[in-house]
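K.L.:
The lines below spell out each chain.
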Amino acid sequence: MNFSRSALKTGRSFLQVIPVLLGVLLLISLVNATVSPEVYAGFFTGNWIIDPFIGAAFGSIAGGNPITSYIIGGELLSLHVSIMAVTAFILSWVTVGLISLPAEMEILGRRFALVRNLLSFIFSIAAAVLVGLTLIFAGVSL
Amino acid sequence: MSNRDSGVVLPKKGAGGNGQGNKGISKSGWYFFAFVLILYAVVAAFDISAVLRALNIFSGLIVQIAPVLSLVFVFILVTDLLVKPDKIIKYLGSESGITGWLVAIAGGIISSGPVYVWFPFLAELRRKGMRPSLAAVFLYNRAVKVPLLPLMIFYFGVLFTVVLTVYMLIFSVISGYLTEILVGDE
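Protein chains in written order, with the working numbering: chain P, -5 to 136; chain H, 9 to 194.
Check before you lean on any hint, since a few could be wrong.
Residues of chain P placed beyond 12 angstroms of chain H at every Cβ, according to the derived structure [claimed, not checked]:
| hint | residue |
| --- | --- |
| 1 | -4 |
| 2 | -3 |
| 3 | 10 |
| 4 | 36 |
| 5 | 37 |
| 6 | 40 |
| 7 | 42 |
| 8 | 44 |
| 9 | 48 |
| 10 | 51 |
| 11 | 55 |
| 12 | 98 |
| 13 | 114 |
| 14 | 134 |
Covered by chain P, per the in silico footprint, the following chain H stretches (three or more residues, Cβ under 8 angstroms) [as the list claims (entries may be wrong)]:
| hint | segment |
| --- | --- |
| 15 | 62 to 74 |
| 16 | 77 to 87 |
| 17 | 156 to 163 |
| 18 | 169 to 183 |
Calculated directly from the structure, the hints in this document are not laboratory data. From a predicted model like this one, the values you see are computed outputs, not experimental measurements. Beta carbons are placed, not taken as given, at the ideal position from N, Cα and C, and that holds for glycine.
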């Protein structure tokens, strides 16, 4: 296969992806611009299971650069949100993408995208609880 | 051996998967984009400053992902030109064994930029024989970012960072296995 034919094929693939990517980026920007850490913090209850669930839910809706999740996570910690909830938040921020789900379904397949995101959501809660328990076991006061 | 025989689940043709033989551009992507623009118009009607903030963030994101997107374009092009399906099946296919898992984990860790810019590249690899489980492992390990570890340590401490990183690696493998079992023949 020659170069120009491959380049044309790759370019065509990108043309198909670009409106989805732009839509995802615009949605992520809108969520990040309208929802502040204080808004997130108001939803947490102090419960060890419910809070990671809420953290994972918020992380799943937003998303984008991990640096942003660290900054918001740091803000949440300073607002006395638990480390488990923050862990679930920063994990699901990167591994789950509700906003990018249409793009993932379009490009990688509907079932694959749904299963992968659902598992990642569940595992972000499980990992958060395990991280919390490990830290307690290591003698860290949460 | 067909892709179905080799246990490969193909991404949707005509999407971003470099689908062979697809000449038309999928309209659903444009519908989604139009929906987002309408959403922006609705929000602007109530709070124009929120939309301006969002557009500011958006322009920052575009600047951020443009180099990565260019890199992904080159990866797909090189893969299309040089990497034959038998190589993908050897290193990332159903017979790849532990090598496949290690390649997927390393690929996820070293890849930079937002996750969605890597979807077309993974679609291309899957079209050539990559296991769904390894695509899931690649995507999960996007959470482990070596250059960002100092920042994570700054915010959350060394112990937290080490413990979380170990759990992320473990859960990436579990996620990969379960994804493949549950996805089956799509």
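K.L.:
Is the nearest Cβ of chain H still more than 12 angstroms from the Cβ of residue 51 of chain P?
P.N.:
With a cut-off of 12 angstroms, residue 51 of chain P remains clear of chain H, as the shortest Cβ separation is near 17 angstroms.
K.L.:
Is the Cβ of residue 114 of chain P more than 12 angstroms away from each Cβ in chain H?
P.N.:
Violated, because the least Cβ-Cβ distance between residue 114 of chain P and chain H comes to about 6 angstroms, which does not exceed 12 angstroms.
K.L.:
Are all beta-carbon distances from residue 48 of chain P to chain H longer than 12 angstroms?
P.N.:
Given a closest Cβ separation of 19 angstroms, the condition holds.
K.L.:
Going by Cβ atoms, does residue 55 of chain P stay more than 12 angstroms from chain H at every point?
P.N.:
holds, 14 angstroms
K.L.:
Say whether it holds or is violated: residue 36 of chain P keeps its Cβ farther than 12 angstroms from all Cβ of chain H.
P.N.:
holds, 18 angstroms
K.L.:
How about the segment 169 to 183 of chain H: do at least three of its residues have a C-beta closer than 8 angstroms to a C-beta of chain P?
P.N.:
holds (count 7)
K.L.:
A cut-off of 12 angstroms on Cβ-Cβ distance, and residue 40 of chain P was said to be off the interface with chain H. Does that hold?
P.N.:
holds, 19 angstroms
K.L.:
Confirm or reject the statement that residue 44 of chain P sits farther than 12 angstroms, beta carbon to beta carbon, from all of chain H.
P.N.:
Given that every Cβ of chain H is farther than 12 angstroms from that of residue 44 of chain P, nearest at about 20 angstroms, it holds.
K.L.:
Would you check chain P against the segment 77 to 87 of chain H, counting CB to CB pairs closer than 8 angstroms, and say if three or more residues qualify?
P.N.:
Result for this restraint: holds, n = 4.
K.L.:
Is the nearest Cβ of chain H still more than 12 angstroms from the Cβ of residue 10 of chain P?
P.N.:
violated, 5 angstroms
K.L.:
Is the Cβ of residue -4 of chain P farther than 12 angstroms from every Cβ of chain H?
P.N.:
Violated: least Cβ distance 9 angstroms, not greater than 12 angstroms.
K.L.:
Can you tell me if the segment 156 to 163 of chain H counts as covered by chain P, using C-beta to C-beta distances under 8 angstroms and a minimum of three residues?
P.N.:
holds (count 4)
The earlier numbered hints that this structure contradicts are 1, 2, 3, 12, 13, 14.
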